[in-house]
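Novice: The primary structure of each chain is shown beneath.
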Amino acid sequence: MKHWSTQLTASVKALSVAALIGTSSAALAVDGNTLLNADKDPNNWLTYHGSYKSWHYSDLGQINAANVKNLKVSWVHTPSASKRGVQSFPLAVDGVLYYTSASGQVWALDGATGEVKWKYSAKLDQERSEGTFYNPYNRGIAIGYGNVYMGTTDGRVIALDMNTGKVVWDKMILTVEGGNKGFTGAPVLVKDMIVIGSNGGELSGCCGPIFAVDAKTGEVRWQFDTIGGDERSRASWGNDSWKTGGGGGWMTGTYDAVTNSIWWGTANPAPDYDWGGDDWKTSGARPGDNLYSSSVVVLNADTGELKSWFQEMPHDAWDFDSAVGEFMSIERGGKRYMVHPNKGGIMFVYNADPSHAPLKIENAYMTGKTFNYIKGVDAKTGQLIGRRELPEGKHTNVCPAIDGATSWNTGAYNPNTGLMYKVGQEWCFDIEVVKADPPPAFSGQAYFGASWTSTHPEGRKAFGYVTARDPISGTIKWEKEYKYPPLASLLATKGNLVFVPGANGVFEALDARSGATLWSHNNGIGHHGGVISYTAKGKQYVAVVTGWGSHVAGNYCPLFGEPFCSMPTDAGQLLVFALP
Amino acid sequence: MKVATMTMRGCLLVLASLTVGSAGGVLAADDINPASETAKPTEPAAAPEKPKIDIRKLFATNCSWCHQDYGMKAADGPKLAGTSMTEEQLIEQISRGKSPMPGFRKTLSKEQIEALAKYIKGLKDPGN
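As you go down the protein sequences, you meet chains G and F in turn.
Heads up: the first sequence begins at 625 in this note's numbering, then just goes up one per residue.
Heads up: the second sequence begins at 59 in this note's numbering, then just goes up one per residue.
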């Protein structure tokens, strides 16, 4: 299995044959090669971002702008109590749907009927899991080599037989000595490895690792430390502050086969917030740039060695991770781009060639509107312009709030319209920064010092929107405003639809060309997870997860009142829609 | 260490030895109930003078991630001002946590937890 790229054409052929057969009974053997062409296989949803291109696009058109008004609930699955809702992305292989609910529960369901094929419930070290702020999130799985792979909040990766749900291997990957961190993000299958990043931006301790694990055995192939792993990083944290520095890569990155590279976004530095203020280059809690926190890192997929990077938030003073969102791979005019959102409401358009180090910026534009933490971003260099530091003391009307101008869920791209669809959110906060004492090095204890109150932007209520724009230039084609900022991922389909799972429970289909609302259905509780499309027995389905409750969702009651104050935070479902 | 099942006074000293005290408010020797002297295993490093617990800092460095405005506003965690919990129940909740709230018995001292419980009990409900 050495010549991955040369197998590409062969497997494209194999896939087009499979596509002709449609949903045949011959089981699809998913491996690293299958995933290279996941974007050409609309019947299945094989990986978190849909394919390595991270378009969140389905090339199925049975459900389309003309007939979506007839879309109905086909079946529903209710998992056991899911604290903080269901936040994961379902995957679909050969008409079987796999998804996770909170606390590491995995479900395999018949994609046409919802009939339960198997269920797996991870036995977690509750004490360790509950020690983090991110308990009991689980944001999804990877599939390959006959297995379903899941990370756990207590630092393990588990492989389950995809036919039976039986444990194939179960390995402690992130030991507690490395800090009380774990995994909440979905792993991604790359070649014959599972790649997964740890959480813990605001947990003291290094080194916020990203792991590649052998898909067949669970052995760690390589580990990349997002902070403190090399001299360049250590030199960018004065007073050895990298030892309590946070970092991590809590969301799912992607793989670029052309350059054999893993692209991954990293978490914020600890502490949140740096009381040092203006003199952050030389003093404060973590003097310096704090590499590679709030950065994009590009790694050699075989070795984990750093090829290139770009720090989106040098010395992140606001908790604006780069871990959020997707790496959209776009080719235009013979040039290859990686488009990546940052939580601070900036879209970074990178040249996909990692031989530029740091990465070459092709464009950078603000997606946020009411921001005042910076004055803007330099489109040519990607550098922040006019920073507003948050030194010890009180600061009012800081925008956006810690929750960001974009959250961790993904946008979508439709290659036919050439438009990228992305959620934005506008809110602010008043914050008092307090000088936190550093916890013991490597302890994994929370390391932050601030108290805040969510507020509305000056002159208007907090709000959200879905924007359709050219991903490279940022030019807006249309925008639809939402009273309550959506928090879930979006789905674009060949049927000229954009599916928007709303915060208030309303699930909508918009016209991809105009933003007009073509269909909506109230799912009865907010959404902040994934949405996909797949086929079972030749029929197209759209699956979305529901459920509410999280650090960001917690602001909706104080900002908007009902329906959020009475919305349960321990429930959620999987709803599947189809045409009659 | 099940804090709640032990009488508060009696377990002070046992808990004292577990003090990590990373968030300020180091345990002071004269906080300790002399009646429990015999139950004391090893004395933590004696503090030369009694430092006052800085409650705002303690709250801002441990709780405010989820409890906004020093406990006055609801967010990810509920508003704490006006809670119907007794001081003992508050100590129990802070010590043991309640998913998704982490427990703090390993990272905060008994005194710090008690101080937080007192502080919360003393908060006036703004009624929002």
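The hints are simulated quantities; they were obtained by calculation from the structure and are not laboratory data.
Any given hint could turn out to be false.
As the list claims (entries may be wrong) - In silico PhoX-like cross-links for lysine-lysine, where the CA-CA straight-line distance does not exceed 25 Å:
#1 G/K1018 x F/K110
#2 G/K867 x F/K176
#3 G/K1059 x F/K176
#4 F/K164 x G/K867
#5 G/K747 x F/K176
#6 F/K156 x G/K747
#7 F/K110 x G/K707
#8 F/K115 x G/K867
#9 F/K115 x G/K707
#10 F/K115 x G/K1018
#11 G/K743 x F/K176
#12 G/K1059 x F/K115
#13 F/K110 x F/K156
#14 F/K182 x G/K1018
Since the structure is predicted, the reported quantities are computational estimates derived from the model, not experimental observations.
Novice: Hints first: check each against the structure and report whether it holds.
Specialist: Tested hints:
no.	hint	result
1	G/K1018 x F/K110	holds, 23 Å
2	G/K867 x F/K176	violated, 34 Å
3	G/K1059 x F/K176	holds, 23 Å
4	F/K164 x G/K867	holds, 20 Å
5	G/K747 x F/K176	violated, 36 Å
6	F/K156 x G/K747	holds, 18 Å
7	F/K110 x G/K707	violated, 37 Å
8	F/K115 x G/K867	holds, 22 Å
9	F/K115 x G/K707	violated, 29 Å
10	F/K115 x G/K1018	holds, 13 Å
11	G/K743 x F/K176	violated, 45 Å
12	G/K1059 x F/K115	holds, 8 Å
13	F/K110 x F/K156	violated, 28 Å
14	F/K182 x G/K1018	holds, 22 Å
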